[in-house]
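Enquirer: Chain by chain, the residues run as shown.
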Amino acid sequence: MSAISPMPNTTNTTTISTAGAPSRRNTELALLAFAVLIPCFAYANVGLAMDGEMPSGLLGYGVGLGLMAGVGHLVVRKFAKYADPLLLPLATLLNGIGLVIIWRLDQSPRLQARKFFTASATNQLMFSALGIALFVAVLIVLKDHRILQRYTYISMVAALILLVAPMFFPAKFGARIWITIPGLGSIQPGEFAKIVLSIFFAGYLMVKRDALALASRRFMGLYLPRGRDLGPILAVWAFSILILVFETDLGTSLLFFGMFVVMLYVATERTSWIVFGLLMSAVGAVAVSTFEHHVQQRVDAWLHPFDAFKDGSSDQIAQALMAFGSGGVFGTGWGQGHSDLIGFAANSDFILATVGEELGLAGVMAILLVYGLIVERGVRTALAARDPFGKLLATGLSGAFAIQVFVVAGGVMGLIPLTGMTMPFMAQGGSSVIANWALIAVLIKISDTARRPAPAPAPSPDAEMTQVVRP
Amino acid sequence: MSELTLTVMRLGFLAVLWLFVIVAVQVIRSDLFGTRVTQRGSRRGAAAAGQAQRAQQQTAPPQQRQQQPGGRRADRGRRGAPTKLVVSEGTLTGTTVALQGQTISLGRAHDSTIVLDDDYASSRHARIYPDRDGQWIVEDLGSTNGTYLDRTRLTTPTPIPLGAPIRIGKTVIELRK
Numbered sequence: 001m002s003a004i005s006p007m008p009n010t011t012n013t014t015t016i017s018t019a020g021a022p023s024r025r026n027t028e029l030a031l032l033a034f035a036v037l038i039p040c041f042a043y044a045n046v047g048l049a050m051d052g053e054m055p056s057g058l059l060g061y062g063v064g065l066g067l068m069a070g071v072g073h074l075v076v077r078k079f080a081k082y083a084d085p086l087l088l089p090l091a092t093l094l095n096g097i098g099l100v101i102i103w104r105l106d107q108s109p110r111l112q113a114r115k116f117f118t119a120s121a122t123n124q125l126m127f128s129a130l131g132i133a134l135f136v137a138v139l140i141v142l143k144d145h146r147i148l149q150r151y152t153y154i155s156m157v158a159a160l161i162l163l164v165a166p167m168f169f170p171a172k173f174g175a176r177i178w179i180t181i182p183g184l185g186s187i188q189p190g191e192f193a194k195i196v197l198s199i200f201f202a203g204y205l206m207v208k209r210d211a212l213a214l215a216s217r218r219f220m221g222l223y224l225p226r227g228r229d230l231g232p233i234l235a236v237w238a239f240s241i242l243i244l245v246f247e248t249d250l251g252t253s254l255l256f257f258g259m260f261v262v263m264l265y266v267a268t269e270r271t272s273w274i275v276f277g278l279l280m281s282a283v284g285a286v287a288v289s290t291f292e293h294h295v296q297q298r299v300d301a302w303l304h305p306f307d308a309f310k311d312g313s314s315d316q317i318a319q320a321l322m323a324f325g326s327g328g329v330f331g332t333g334w335g336q337g338h339s340d341l342i343g344f345a346a347n348s349d350f351i352l353a354t355v356g357e358e359l360g361l362a363g364v365m366a367i368l369l370v371y372g373l374i375v376e377r378g379v380r381t382a383l384a385a386r387d388p389f390g391k392l393l394a395t396g397l398s399g400a401f402a403i404q405v406f407v408v409a410g411g412v413m414g415l416i417p418l419t420g421m422t423m424p425f426m427a428q429g430g431s432s433v434i435a436n437w438a439l440i441a442v443l444i445k446i447s448d449t450a451r452r453p454a455p456a457p458a459p460s461p462d463a464e465m466t467q468v469v470r471p
Numbered sequence: 001m002s003e004l005t006l007t008v009m010r011l012g013f014l015a016v017l018w019l020f021v022i023v024a025v026q027v028i029r030s031d032l033f034g035t036r037v038t039q040r041g042s043r044r045g046a047a048a049a050g051q052a053q054r055a056q057q058q059t060a061p062p063q064q065r066q067q068q069p070g071g072r073r074a075d076r077g078r079r080g081a082p083t084k085l086v087v088s089e090g091t092l093t094g095t096t097v098a099l100q101g102q103t104i105s106l107g108r109a110h111d112s113t114i115v116l117d118d119d120y121a122s123s124r125h126a127r128i129y130p131d132r133d134g135q136w137i138v139e140d141l142g143s144t145n146g147t148y149l150d151r152t153r154l155t156t157p158t159p160i161p162l163g164a165p166i167r168i169g170k171t172v173i174e175l176r177k
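Which chain is which? The protein sequence lines are A and B, in order.
The first sequence: position 261 = 261 (the UniProt record's numbering), numbered continuously.
The second sequence: position 142 = 142 (the UniProt record's numbering), numbered continuously.
Where hints are given, some of them may not hold.
As the list claims (entries may be wrong) - Incomplete in silico selection of chain B near chain A, CB under 7 angstroms:
no.	residue
1	Met9
2	Arg10
3	Phe13
4	Leu14
5	Trp18
6	Phe20
7	Val27
Stated by the list, open to error - Distance ranges between label pairs, derived from CB positions:
no.	chain 1	residue 1	chain 2	residue 2	range
8	A	Phe246	B	His110	50 to 58 angstroms
9	A	Arg146	B	Val25	27 to 35 angstroms
10	B	Ala15	A	Phe246	45 to 53 angstroms
11	A	Ala137	B	Thr91	54 to 62 angstroms
12	A	Ala238	B	Asp111	44 to 52 angstroms
13	B	Arg29	A	Gln336	31 to 39 angstroms
These are calculated hints, taken from the structure and not from any lab test.
From the three backbone atoms N, C-alpha and C, an ideal C-beta is built for every residue, glycine too.
Bound conformation, chain A alone (with noise of 0.2 angstroms):
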């Protein structure tokens, strides 16, 4: 070590170095631990609550998320080094509070009085295993998101029959959204069609982008795209029409036509499809509604939530309205709240409401924010991805991810009809479950390409030439 430094300005050196490491994986570690923990806090909580004493299932329970958070944790390790930090660990955390309030609503001798009383936060925990076992499976098998690429329109043709089936089997609870298969339950195609379709959107849109974004003509500032250019939005909005039809399900066609035209802006950069989009889907709700009985009736429940109580039809909005009410600002305490006064599908459609009522505003606005950000890792991970595709899948599936949380949530609260939609992760249900689990995955797998570093640059060709070549 030579005691001339070259520096002239040595006393007040300092160090700048990058936080952590650039993969992030101990950010997610310890986060995640933290989203095991809060779970396990409200499963004590719900039990010493509601019978004074520790649940006996508490270590099963805890021991059960740790275990799925762990092995998700270990493969996103070892398959997707770079991938967001946060995904993982708010997706666990929404999965166990939910699994928290459907054991607690378990509990609740009001829903065990009912004739199809059957606890399922067993099943719920199954389910959430199957879905990080998918999890794992995409995270495993897919590469490199490109490859959906190729499957433009096979998972065109896959969406469409997702989304078709449902309409040749029977109606439950008023909606043809179930594709039920004797002896084994019914599952949710929808849930699934949601993830195939942003492949299809994203692949089509990226090719077709330039043509809807550039042939079009200005007036009063909006760009008025060229008559034949409305082909495929009026493709896609006739179809959502016609799941509204059909299937009597708002929230399916919503989700569908409102996905379409977040990609359809993010790929054009025009506003007017928002505008379009906007009065389109009002223009078909409100014609829908006036001749569906069924959509009609979500509509008169919504306008009139409290007629219930004179005609004795379904109080199910009324009573979570009430829920939220009750749980004011801090809310009423887990396991103390009388959430289960809304009866069926307390513990699906309607999870939120027992949030709002335990956990009050301060809680309610917590969940959201969660998914708040788990929306928001999607769109950034849109941001950084670096192929067209990759981005417009990203902000495809954080997209219908948002929606369908605003769908849910507008309609337990009261600010849109209601659907039978379902909160996602939170909510009784396994198509539910699995099909988000599978989206995170697909999110994380992006995420991982985007932020990984870009490869060392080749050694350049000079290098070697300035070798002495001897003979």
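Add chain B to chain A, keeping to what the hints say.
Expert: Frame of chain A, contents of chain B only:
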């Protein structure tokens, strides 16, 4: 269970839930400004700087640094460190660029940080970057007419003293606090 315990648990749970949200947001925040600035003692700093300097002359300059996402924030509070780059002569006189740990490329190429409108500048003329210890270094990228620090033409990456003029064609640049 007493009323008090339940109330404490109820509020405690909400606090923990919000803590999680805040921690998650913090992770995003550090994603945006992913830097950590550590003050070093002068002796060790000098030694490390010398080593880094030598290492840099032997091997290729660190390419990696440019590709890392997010700006690194220099410690504005420390004494003696430049915070901005000022063009003091030439057509771009008055232009300043904040020094935030990023590499600044100079040249006529349109993707340079400072696009020089100077007939004597090459398309990729020089670059200015911080080394591992935060010392700003100027390096000539094989330009036709050369880069001058004070009066000497640069042959190797050289640390820039505060206020020393770097001359590229008719343009003069200096680092200021």
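Enquirer: Each hint: holds or not?
Expert: Consistency of the hints with the structure:
1. Met9: 5 angstroms, holds
2. Arg10: 4 angstroms, holds
3. Phe13: Where the cut-off is 7 angstroms and the nearest Cβ of chain A is about 6 angstroms from B/Phe13, the hint holds.
4. Leu14: B/Leu14 check passes; min Cβ-Cβ to chain A is 5 angstroms, inside 7 angstroms.
5. Trp18: 6 angstroms, holds
6. Phe20: OK, holds: B/Phe20 within 7 angstroms of chain A, min 6 angstroms.
7. Val27: 6 angstroms, holds
8. A/Phe246 - B/His110: 50 to 58 angstroms: At roughly 56 angstroms between Cβ atoms, B/His110 and A/Phe246 fall inside 50 to 58 angstroms, so the hint holds.
9. A/Arg146 - B/Val25: 27 to 35 angstroms: 31 angstroms, holds
10. B/Ala15 - A/Phe246: 45 to 53 angstroms: 48 angstroms, holds
11. A/Ala137 - B/Thr91: 54 to 62 angstroms: At roughly 60 angstroms between Cβ atoms, B/Thr91 and A/Ala137 fall inside 54 to 62 angstroms, so the hint holds.
12. A/Ala238 - B/Asp111: 44 to 52 angstroms: Given range 44 to 52 angstroms: holds, Cβ gap about 46 angstroms.
13. B/Arg29 - A/Gln336: 31 to 39 angstroms: The hint (31 to 39 angstroms, Cβ to Cβ) holds, given that B/Arg29 and A/Gln336 are roughly 35 angstroms apart.
When held up to the earlier numbered hints, the structure conflicts with none and fits them all.
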